[in-house]
Amino acid sequence: MTDISLSYCPITVDDVEAAIPFYRDGLGLEIVNDVSYEGTRWVSFGLAGQPGLALVISDPAAGRSPEDADALQRLVVKGSGPGPYVFTTTDIDASFERLRAFGAEVLQEPIEQAWGPRDCAFRDPAGNHIRMNQA
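The sequence shown begins at 1 in our numbering and counts up one residue at a time.
Some clues are possibly wrong.
[What the hints assert, rightly or not] Subject to a maximum C-alpha distance of 16 Å in a straight line, what follows is the list of computed EDC-like cross-link-like pairs (lysine to aspartate or glutamate): (1) K78 x E105; (2) K78 x D14; (3) K78 x D15.
[What the hints assert, rightly or not] Per label pair, the in silico range of CB-to-CB distance: (4) E38 x A101: 35 to 45 Å; (5) I111 x D25: 17 to 27 Å; (6) G49 x P84: 13 to 23 Å; (7) V77 x R100: 35 to 45 Å; (8) T90 x A114: 19 to 29 Å; (9) D68 x D91: 36 to 46 Å; (10) P21 x G49: 18 to 28 Å; (11) D3 x S36: 32 to 42 Å; (12) P84 x G46: 20 to 30 Å; (13) E17 x L107: 20 to 30 Å.
These are calculated hints, taken from the structure and not from any lab test.
All C-beta atoms, glycine included, are put in the ideal place defined by N, C-alpha and C.
Work out the full structure: start from the sequences and follow the hints.
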């Protein structure tokens, strides 16, 4: 069997500049690449302890036709984009408080879920649904 690993996870945002502080300061991810190309922009974030894996935020036009970009833009701004995007932390209470103090929109405070994990939920500045589980 061939070894396979995930290289990146894309998240579309309506305003890359507004989303950077949420992912960098709120979630504590490190910017590893910031690219502007032909009127679009994407920023890659590294995840501690997961070398080679990046979360990439980009505007709706990045790599898409104008029609697809418009359709995706409409979904993103109303909070109906893909997701949720689920992160894992070793201390959900501290992570929750950091994101709440940062001003992230809280969807759910940390609770024990019937299916197992203790988790919480937020929206990023673009409206993407972000969940966090405790490891």
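Quick rundown of the hints versus the structure:
Proximity of K78 to E105 is assessed by CA-CA distance (about 14 Å); at most 16 Å being required, the pair is judged to hold. With a CA separation close to 10 Å, the supplied pair K78 and D14 stays within the 16 Å bound. Restraint check for K78 and D15: satisfied, since their Cα atoms lie roughly 13 Å apart, inside the 16 Å limit. A beta carbon spacing of about 37 Å between E38 and A101 agrees with the range 35 to 45 Å that was offered as a hint.
In this structure the supplied range 17 to 27 Å holds for I111 paired with D25, their Cβ-Cβ distance being about 25 Å. Between G49 and P84 the CB atoms are about 21 Å apart, so this pair conforms to the stated range of 13 to 23 Å. The beta-carbon spacing between V77 and R100, approximately 23 Å, falls outside the hinted interval of 35 to 45 Å. Roughly 22 Å separates the CB atoms of T90 and A114, a value that falls within the hinted 19 to 29 Å.
A beta carbon spacing of about 39 Å between D68 and D91 agrees with the range 36 to 46 Å that was offered as a hint. Look at P21 against G49: about 22 Å separates their beta carbons, and that is inside 18 to 28 Å. Between D3 and S36 the CB atoms are about 33 Å apart, so this pair conforms to the stated range of 32 to 42 Å. Checked against the hint of 20 to 30 Å, the pair P84 and G46 passes, with Cβ atoms roughly 21 Å apart.
Between E17 and L107 the C-beta distance comes to about 23 Å, which sits within the given range of 20 to 30 Å.
Going through the hint list in order, the structure does not satisfy hint 7, though it satisfies all others.
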